[in-house]
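**Q** Listed below, chain by chain, are the residues.
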Amino acid sequence: MKKEILLGDEAVALAAIHAGVTAAYSYPGTPASEIMEYLVRASAAGKKFIAAWSVNEKTAYEEALGVSFAGKRTMVSMKHVGLNVAADPFMSSSLTGANGGFVVVAADDPGMHSSQNEQDSRFYAQFAQILCLEPADHQEAYDMTREAFDISERVSLPVMVRLVTRLSHSRSGVEPREARPQNDLHYGARERWTLLPVNARVQFRKILEMQTELVKIAAASPSNKLELNPDDRSFGVIASGIASNYVLENFAAGAKKPSLLKISTYPIPRDLVARLVEHVETVLVAEEGYPLIEKSLNGLFGIQGKKVIGRTSGHLPQSGELSPEIVRQALGLKALERRSLGDFRLAGRPPQLCTGCPHADTFNALKKGLEGYDKANVFSDIGCYTLGYFPPHNAVNTCVCMGASVGMAKGAAEVGVYPAVAVIGDSTFGHSGITPLLSAAAFNTNMTAVILDNCTVAMTGGQPSFATGERLLKIIEGVGVPKEHIRVITPLPKYLEKNARIFKEEISHAGISVIVAVRECLEEARKKNKKA
Amino acid sequence: MIANRRQDVILAGVGGQGILSIAFIIDNAALKEGFQIKQAEVHGMAQRGGAVQSHLRLSKDRIFSDLIPRGEADMILSVEPLEALRYIDYLRPDGRIVASSTTYVNIPDYPDKEKLLEKIREIRGSIVVDSENLAKEAGSSRAQNTVMLGAAAAFLIVKADSLVEFIRVLFAPRGERVLEANLKAFELGRRAAG
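Protein chains in written order, with the working numbering: chain A, 1 to 532; chain B, 533 to 726.
Keep in mind the hints are simulated off the structure, nothing from the lab.
Worth double-checking, as some hints may not be accurate.
As the list claims (entries may be wrong) - DSS-like cross-link-like pairs, simulated, lysine-lysine; straight-line CA separation at most 27 Å:
{"no.": "1", "chain 1": "A", "residue 1": "Lys368", "chain 2": "A", "residue 2": "Lys257"}
{"no.": "2", "chain 1": "B", "residue 1": "Lys592", "chain 2": "A", "residue 2": "Lys257"}
{"no.": "3", "chain 1": "A", "residue 1": "Lys257", "chain 2": "A", "residue 2": "Lys306"}
{"no.": "4", "chain 1": "B", "residue 1": "Lys592", "chain 2": "A", "residue 2": "Lys334"}
{"no.": "5", "chain 1": "A", "residue 1": "Lys504", "chain 2": "A", "residue 2": "Lys531"}
{"no.": "6", "chain 1": "B", "residue 1": "Lys716", "chain 2": "A", "residue 2": "Lys531"}
Turn these sequences into a full structure, and let the hints guide you.
**A** Encoded structure:
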């Protein structure tokens with residue numbers, strides 16, 4: 001088939017379509033969002049499968065699990081921290097196993113380009129004792145995702161595909177293959193899928209017994225490649241996923257390369273590792289993320305007579321994203337000549353709220369409403385409005401994870417923080433804000449939650465929000481917030497005084513109150529105008 | 533650089549300036565001419581009015597890294613002068629900058645414009661183009677990115693005709709007026725670069 005230019009994310013999405021996926025689910029999150037965006041577009045263009053955004057990653061995971069139970073192929077995709085939200089069904093899904101092929105895509109963000117941490121999803125795969133595939137380039141992203149569906153059905157387990165930002169958000173040519181038809185409906189066995197202790201114990205033993213076979217599958221994968229250099233017995237490299245590209249980048253075509261083991265399928269292929277380690281004295285381990293392979297190799301006491309170097313030894317930085325030049329240094333090669341600006345200092349240009357953004361008006365009104373309270377604290381959440389941290393707003397003081405603002409405000413209010421204000425977007429509220437608000441309403445906590453309803457998931461590019469408009473107001477009322485303390489404002493400069501007054505009124509109310517600031521995201525309004 | 537077999541370009545600008553449109557045009561032109569491509573870009577938080585860049589790699593041979601190694605870029609193509617200098621450590625000793633002189637000031641400590649342009653001109657072979665006025669002349673102030681693509685065209689290893697073909701592919705769906713403005717913007721950029 002003809003070569004197409006695709007993002008790494010899109011290569012994964014196309015592979016799922018060609019592998020006969022019947023339904024795919026996701027929640028937006030950088031760098032994973034473009035997987036579902038591609039699937040949604042393809043589905044709308046007439047391809048016969050379901051591609052749907054879910055309310056959060058746990059929901060998405062469970063929806064996918066239902067599809068697998070029904071014998072159909074399914075994929076669930078999310079950013080790395082999304083897998084924390086889905087961790088409950090994820091961990092137990094290795095016990096139920098997969099009926100229809102089940103692929104879990106976790107897109108990690110080393111370097112935290114757009115994230116609050118840089119956790120490494122390979123540890124989750126290891127934790128759940130399932131296979132993890134880590135493609136190094138776009139063609140592998142396509143080929144390995146297709147393969148993941150087949151393997152999943154062969155071993156009756158979910159299979160993880162681990163991506164990183166630089167692959168997710170890089171474009172390259174991909175050659176697709178003929179599509180495979182979808183599966184027929186066939187239900188999973190009830191004794192496998194009902195995780196009562198009596199069944200779960202049996203299932204857990206089964207996974208433990210399967211580990212040897214999984215290692216064999218990983219070792220046989222063509223994505224794990226060992227090339228020994230017979231002339232160099234001193235130095236060799238183990239590189240995982242895209243880190244292997246950074247190694248190869250530093251050796252021109254035809255140049256002598258050290259022995260190299262590329263690992264792209266886990267569990268770690270023990271025999272291949274052993275052959276490399278036997279061949280050389282010093283092993284550099286280059287992996288994007290945490291030092292999973294490096295630490296496994298070293299164990300507690302290291303390998304006698306061998307030196308293993310990498311992130312833990314300081315030959316590579318302990319945190320952050322790798323790059324060709326960082327790996328070059330660890331390979332002991334001379335740095336390329338670079339230009340510099342000398343003493344000339346460049347101003348930084350951090351991201352910021354768009355000019356005219358409704359969030360800015362909400363922050364202005366909130367800050368005015370909080371005037372006179374010198375102990376006030378504003379707890380924020382995950383979204384564009386987290387940019388309210390920066391000047392000129394300096395409006396928020398926390399950001400931890402999806403939904404944390406509401407729970408943190410409740411806890412802080414209960415120990416004496418006043419005013420305690422939570423600021424959360426409509427989609428983030430739908431994702432993880434409803435349950436903490438239910439709790440705050442049940443306790444009638446003296447706090448004010450501000451829900452910024454811009455009618456979309458703005459930060460990740462305008463995906464649909466489920467908790468917006470009328471439904472949002474019904475949810476707030478439904479969890480038990482008194483109707484007279486649910487206030488709706490329009491964040492516009494002309495209403496600054498009026499809105500600030502409403503903030504003051506609700507902050508002075510000794511109990512739970514919610515202020516909903518409704519105005520559509522400018523970027524989304526612009527897109528709509530363009531279409532019309 | 534082995535002539536005409538490979539080229540590494542850093543595309544730079546501020547979120548919303550259309551860096552990814554330039555990338556789309558060059559990517560597709562290169563694919564059509566039988567090059568392999570890798571193009572790393574920035575999505576998500578940084579796009580909101582922050583500094584954005586894209587690493588664009590074209591080669592007749594296999595490309596390994598998605599990122600251009602520091603010290604290896606043949607060109608920095610920037611829609612904004614401050615952003616052109618931000619990636620200077622990626623430029624190879626004989627690499628050049630093609631940059632707009634039109635500043636995008638959304639930060640309080642924006643440096644002196646003349647100093648920026650002076651720094652860019654210190655790099656031999658560099659080209660500075662007034663993209664704002666040329667885009668207006670072309671009929672769309674939003675077409676500054678296409679002006680800059682035009683200014684860089686003579687130095688790219690893909691043919692100008694191929695670039696024009698994909699300017700058409702990209703902008704035709706947005707209407708006749710937008711397409712014409714972009715075609716003209718490309719041409720004005722080319723001429724401005726001499």
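**Q** Confirm or reject each hint.
**A** These are the hints, each one checked on the structure:
| no. | hint | verdict |
| --- | --- | --- |
| 1 | A:Lys368 with A:Lys257 | violated (63 Å) |
| 2 | B:Lys592 with A:Lys257 | holds (21 Å) |
| 3 | A:Lys257 with A:Lys306 | holds (20 Å) |
| 4 | B:Lys592 with A:Lys334 | holds (26 Å) |
| 5 | A:Lys504 with A:Lys531 | violated (40 Å) |
| 6 | B:Lys716 with A:Lys531 | holds (24 Å) |
Comparing the model with each earlier hint shows violations of hints 1, 5; every other hint is respected.
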